[in-house]
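Just so you know, the sequences run in chain order A and B.
Under this note's numbering, the first residue of the first sequence is numbered 1, with each subsequent residue one higher.
Under this note's numbering, the first residue of the second sequence is numbered 1, with each subsequent residue one higher.
Hints were generated in silico from the structure; no laboratory data involved.
Don't take every hint at face value.
To be verified - The calculated DSSO-like cross-link candidates involving lysine-lysine, where the alpha carbons are at most 30 Å apart (straight line), are:
hint : chain 1 : residue 1 : chain 2 : residue 2
1    : A       : K70       : B       : K19
2    : A       : K65       : A       : K41
3    : B       : K19       : A       : K65
4    : A       : K41       : A       : K70
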Amino acid sequence: MHDVNAGRAAEAFATLTASAVLVNPVGLHARPSVKLTQSAKGFAARIEFALAADGPWTDAKSPVKVMRVKAPQGATLHFRVTGPDGEAALAAMLALVRDGFGEA
Amino acid sequence: MSSSNSANVGIVIVSHSPKIAEGAADMVRQMVGSAVPLAWTGGDVDGGLGTNVAGILEAIEAAWSPAGVAVLVDLGGAETNSEMAVEMLAEDRRVRVVVCNAPVVEGAVIAATESSGGSSLAAVKRSAEEFYA
């Protein structure tokens, strides 16, 4: 998965950051976590998020790690994205959060 | 029992209770969607609580994928019967079926989530087993 060449390729892309507030009443519980992970996995970019702008960072492609964050409603999710499709990935993440994962 | 045509890793749920197995499968379908081959089995051959090798073999067949099948089990017999079922598979299939050391409900949802993203069998197993890590 993370071979040396992929790592080198990622270094060539700027890291993009942006944040969005969790609006759905239950926060980042099981179902939204699954949706976030599934969407993240659709991109080649490395996608991480945190509850604070300086981390600690969580891999958005790991369903277990995403659920462990237990982010509540009103929390700000900071995203950090690096990769060839980074812009699209970041836009998709922000749209999901702002849309309340379709359940707000 | 249900399945879906897909190249993604298949998920098999094995519980002593058919209700738990079916309920866990419902959760997977609702939370993860239908992009993952999925099957469940539960109960002994007389319909009581337990598991049976034939039922597990059928479920593996129903959820079969060229990418392999990850089996989620609950207690004792579910694991040993699943291992027995895997041993009874043809050799080329046997190497593509793994029994995960993960909680059956949570593990099934996580494994299916991982699978729905096109992950390998090893990645699916690793992710499900992260629950106990």
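Checked hints:
The hinted pair formed by K70/A and K19/B meets the criterion: a straight-line CA distance of about 29 Å does not exceed 30 Å. At roughly 14 Å between alpha-carbon atoms, K65/A and K41/A fall within 30 Å of each other, so this suggested pair holds. This hinted pair checks out: K19/B and K65/A have alpha carbons roughly 28 Å apart, not beyond 30 Å. Between K41/A and K70/A the CA atoms are separated by roughly 20 Å; this keeps the pair inside 30 Å, and the hint holds.
Consistency with the previously given hints is maintained throughout, with no hint failing.
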